[in-house]
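Number of protein chains: 2
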Amino acid sequence: MTTENLISEIKKKKSFLCVGLDVDLEKIPSFLLEEEDPIFSFNKAIIDATQQYAVAYKPNTAFYEAYGIKGWKSLEKTINYLNQTYPEIFTIADAKRGDIGNTSSRYAKAFFEDLGFDSVTVAPYMGKDSVEPFLAFENKHTILLALTSNEGAYDFQTKKIAKEEVYKHVLKISKSWKNAQNLMYVIGATKAEYLAEVRKIVPDSFLLVPGVGAQGGSLKEVCKYGMTKDINLLVNSSRGIIYASKEQDFAEAAAGEAKIIQVEMKAILDGIS
Amino acid sequence: MTTENLISEIKKKKSFLCVGLDVDLEKIPSFLLEEEDPIFSFNKAIIDATQQYAVAYKPNTAFYEAYGIKGWKSLEKTINYLNQTYPEIFTIADAKRGDIGNTSSRYAKAFFEDLGFDSVTVAPYMGKDSVEPFLAFENKHTILLALTSNEGAYDFQTKKIAKEEVYKHVLKISKSWKNAQNLMYVIGATKAEYLAEVRKIVPDSFLLVPGVGAQGGSLKEVCKYGMTKDINLLVNSSRGIIYASKEQDFAEAAAGEAKIIQVEMKAILDGIS
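Chains as they are written, first to last, in UniProt numbering: chain X, 1 to 273; chain C, 1 to 273.
FYI, nobody ran anything at the bench for these hints, they're computed from the structure.
Bear in mind the structure is a predicted one, so any value in this text is a computation, not a measurement.
Please note: incorrect hints may appear among the correct ones.
As the list claims (entries may be wrong) - Cross-link-like lysine-lysine pairs, in silico, DSSO-like; alpha carbons within 30 angstroms at most:
hint, chain 1, residue 1, chain 2, residue 2
1, X, K175, C, K159
2, C, K27, X, K109
3, X, K246, C, K109
4, C, K175, C, K159
5, X, K175, C, K11
6, X, K229, X, K172
7, X, K70, C, K27
8, X, K140, X, K246
9, X, K70, C, K140
10, X, K172, C, K163
11, X, K178, C, K73
12, X, K159, C, K175
13, C, K246, C, K175
14, C, K73, X, K44
15, C, K11, C, K229
16, C, K160, X, K178
17, X, K44, X, K77
18, C, K178, X, K159
19, X, K44, C, K109
20, X, K163, C, K172
21, X, K160, C, K200
22, C, K172, X, K109
Hey, can you work out the whole structure from these sequences and the hints?
Next comes the structure, spelled out in structure tokens:
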């Protein structure tokens with residue numbers, strides 16, 4: 001998917017909501033456990049119910065790997081379902097990969113070509129040649145961990161390299177990498193005060209913002225400091241949406257939660273347009 | 001496996017060789033492609049042929065994920081074979097994972113409990129709470145990316161935080177994490193001159209050293225600066241061993257290459273004991 005398509009979907013749907021599909025068998029409605037593939041059944045229902053409010057879905061691969069081969073089958077079915085049924089939806093493999101060149105190429109092939117994701121999250125620690133293999137794929141996007149939303153973000157990311165924080169250095173340096181137009185960045189919503197700083201360095205890049213909702217970030221703050229004229233934001237919510245209910249109505253409940261966020265987004269988008 | 005077991009195996013085998021199982025179907029002997037599971041057949045033969053010279057095996061998960069579900073099955077069969085046939089061998093899932101707390105727990109469970117690896121490689125960028133879930137597993141080991149062997153290592157890892165390089169900061173900070181006794185570190189062999197610096201900070205930790213052989217590192221240099229009285233080194237070679245031949249004799253050829261390194265190791269170990 002091109003960046004233009006994504007922007008146009010956001011404008012059309014008046015939403016930049018990304019739904020995180022972090023599926024835990026202990027958290028999904030118990031009656032689904034009788035299904036042949038409970039994870040896929042859950043995802044399908046959640047997707048069908050929330051897709052009108054969301055422009056992106058983000059399965060975190062850890063939750064699928066935790067179930068071994070069965071989990072990978074569920075992941076494969078989920079991405080296939082998204083690509084076939086809602087080709088206009090942007091898909092993110094939240095895999096946080098990154099390795100030496102030829103190995104990163106393997107990951108890139110697995111997520112972009114074989115599974116058919118539009119984007120993948122990548123850790124920058126190993127530098128340029130660990131990220132560029134991902135960037136080489138046309139109309140595929142690499143979402144670089146820059147400033148994450150967890151406590152540990154303060155361990156290294158906000159430390160200063162010479163005069164600037166490591167995450168700013170990551171932002172600046174990565175802009176010069178080959179095919180940098182395919183880069184997006186993860187910026188934790190719980191650090192809205194940093195967003196203005198981020199925008200000084202990457203004014204037009206898409207930012208994937210986790211941590212609104214359950215992790216306590218404010219959508220208004222995120223938009224105030226992170227939004228551009230083309231929006232260039234994807235705001236993710238996982239648990240707050242997909243685990244809204246454990247009953248028969250779980251999908252409607254998820255839709256309800258998604259709608260609440262989307263309505264808030266619409267109000268903001270209407271305000272700037 | 002406990003650290004003591006690993007050290008005792010190293011002393012017994014007079015080897016601290018780790019064989020990287022980065023299996024590429026285009027690189028394995030073509031006659032194996034007729035087998036039901038060419039990757040597993042290849043790994044089994046390589047393991048059987050080289051195990052007397054090696055104390056550890058390290059499949060890089062990217063190479064398995066690249067083949068989707070089939071690849072995961074091959075990985076599962078490989079680790080099961082290792083655990084059942086050579087329980088004294090140390091196993092490393094070279095997965096370079098790392099995510100927020102509850103997600104890292106998933107990865108830890110997948111690699112330590114479900115697959116049964118002794119250790120996993122983890123990227124430190126997200127800090128303490130992204131690594132500690134791995135550390136919580138008893139007699140399991142977390143190998144933290146500190147100073148990697150690729151070009152991109154100079155992008156961030158060798159940059160200075162205040163007065164010290166990022167990788168040193170990673171070493172120092174990570175020592176204070178809960179269950180830090182389960183930490184090992186990746187230190188690229190192509191940077192032997194840094195090893196002395198590393199040892200000042202982590203004198204007793206195991207270092208996983210990639211890059212000897214194909215990537216040009218020198219075993220002697222690595223030992224000179226990185227070895228301790230308990231050795232505390234694992235030196236990895238992947239391509240140099242497993243792709244020694246594409247013919248019927250590929251396993252013997254791999255054994256031959258492994259032996260060359262092991263003989264060099266033995267000479268060094270005999271010299272210090």
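- Kindly indicate which numbered hints from before are broken by the structure, ordering the numbers from low to high. 5, 8, 11, 13, 22
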